[in-house]
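I would like the entire structure built from these sequences, with the hints used as guidance.
Position in the sequence shown counted from 1, then plus 838, gives you this note's numbering.
Since the hints were made in silico from the structure, they are not lab data.
Keep in mind the model is a prediction, meaning the values are calculated, not measured.
Just so you know, even glycine gets a beta-carbon here, dropped at the ideal spot from N, CA and C.
Treat the hints with caution; some may be incorrect.
Stated by the list, open to error - Taking lysine-lysine pairs in the DSS-like style, the calculated list, with each CA pair at most 25 Å apart, reads:
1. 948 with 963
2. 1019 with 1006
3. 1019 with 1105
Claimed, not checked - Okay, the calculated beta carbon distance ranges per label pair:
4. 926 with 1174: 21 to 27 Å
5. 966 with 918: 47 to 53 Å
6. 1189 with 940: 32 to 38 Å
7. 1177 with 956: 32 to 38 Å
8. 982 with 865: 39 to 45 Å
9. 1185 with 962: 26 to 32 Å
10. 1177 with 926: 24 to 30 Å
11. 926 with 977: 55 to 61 Å
12. 1192 with 1168: 43 to 49 Å
13. 1223 with 1203: 38 to 44 Å
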Amino acid sequence: MNKNGLGLLDIILVIAKRKYLVITICCLVAIAAIIYSLVVPQYWESKATLMPIAESGGLGSLGGGIMDILGSGLLQTDKYDMAVDFIYIMQSRKFQEEVIRKFNLIPYYKIDEPDTLKAMELAVKQLSESTMQIFYDQKTYLVNIIAETKNKELSRQIVQYHLDSLNKYILHSKMSKGRQKREFLEKQVNNHLQAVDSLSILLRDFQKKNRSIDITQQTQAQLELYSEIVSEYMQTEIEHSLALSQYSSDSPAVIALAEKMQLLKQKIKSLENSGSDLVPEYIVQIDKIPDLAMQYAQLMLNVEIEKKIIEYLYPQFELAKLEEVKDLPTFEVYDAPQLAGIRSKPKRALTVVLSTVAAFILSCVLALIVESLQGENKEKITAITTALFHKKKVS
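Structure (structure tokens):
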């Protein structure tokens, strides 16, 4: 070989001289790779892709130009946020434990740990590291769910379970803001409806107890009756004074007017005082008018307040019922999980080719090392060989 260094021809010469070494190593490694790829368990993948569906209703109030500029970016941001939520849900510890229990994966992973908590911990680690792949593709806006197991049907079932459980979680989760808002408003509406019912009962009892149907109209009728009697009394009093100026006090006309005055005076007192039998039941006593009017006004005020609150809450409650559906994140499955037709691993041809190429490179390096050692220490190696394998001649 060239003492100044190894050239390409020198390397080829060394490989040619050590061809049996190179061929032997390559053949052994190739055979080992073939045996390994035949013996190692086969794995099968099943895959599903889903697209988060973002609500675009919030953009409707914007102008057309602004919506054209910002709409796409906002929707993409919503999709990304929703995709992150989906992935977080499916990668949560609770979700993974449900998958392990559903498909009894602890025996599948050959975990013999007697401690159930530790066994579950190991199974969760295996599931996330070797079985499941869940990621978001920002170019296609798709969430990819991939399961890889030794059974193609098991892989498909695991992916399908992820889709079904995710959908169930979204539909029934108590953390939905729309559902919380709807339940809160529904409770408030019901409370105020009950308050209106209670006030209506109180108002009915108040009217029944005080014989008051409409305080305003009844008060007006009472005052009109009272004013008529008072004015008649004053007219009679004037007539009585005029009669006294013309007749004696024993005159029948004077006596009749005096009796009329007395009768009218009693009627006035009966109207001014409560509990008189002379006053009809539907007539409110004058001395009770201030208190009854105040109580009636307070009851009516409370009823009107409750009605106004209901008028304010009920449209929001109806809107919340619609928003509850819109607020729930939804997705569309683009690719449903299918049974794999081709195993995902081992890739036998690739394994054999890579192993053989690596063996060839290593065997060439080994041949160069052997050639170098033999060239530098040829005399020593010959002496060692002679000493080991040839007996010394006795003279």
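Status of the hints after comparison with the structure:
1. A threshold of 25 Å between alpha carbons decides the hint, and for residue 948 with residue 963 the separation of about 13 Å falls inside it, so the pair holds.
2. At roughly 20 Å between alpha-carbon atoms, residue 1019 and residue 1006 fall within 25 Å of each other, so this suggested pair holds.
3. A distance of roughly 63 Å separates the Cα atoms of residue 1019 and residue 1105; the hinted pair therefore is violated under the 25 Å criterion.
4. Our hint of 21 to 27 Å for residue 926 and residue 1174 holds, since their Cβ atoms are close to 23 Å apart.
5. Between residue 966 and residue 918 the beta carbons are some 22 Å apart, a value that contradicts the proposed interval 47 to 53 Å.
6. Remark: the range hint 32 to 38 Å for residue 1189 to residue 940 is upheld by a beta-carbon distance near 33 Å.
7. Taking the beta carbon of each, residue 1177 and residue 956 are about 34 Å apart, inside 32 to 38 Å as hinted.
8. At roughly 41 Å, the beta carbons of residue 982 and residue 865 sit within the given window of 39 to 45 Å.
9. Take residue 1185 and residue 962: their Cβ atoms lie about 28 Å apart, and the range 26 to 32 Å holds.
10. A C-beta distance of roughly 29 Å is found between residue 1177 and residue 926, which places it inside the suggested range of 24 to 30 Å.
11. Distance hint check for residue 926 and residue 977: the Cβ-Cβ separation is about 21 Å, which falls outside the suggested range of 55 to 61 Å.
12. For the hinted restraint 43 to 49 Å between residue 1192 and residue 1168, the CB-CB distance of approximately 45 Å keeps it satisfied.
13. Between residue 1223 and residue 1203 the CB atoms are about 24 Å apart, so this pair departs from the stated range of 38 to 44 Å.
Of the numbered hints given earlier, the model fails hints 3, 5, 11, 13; all others are met.
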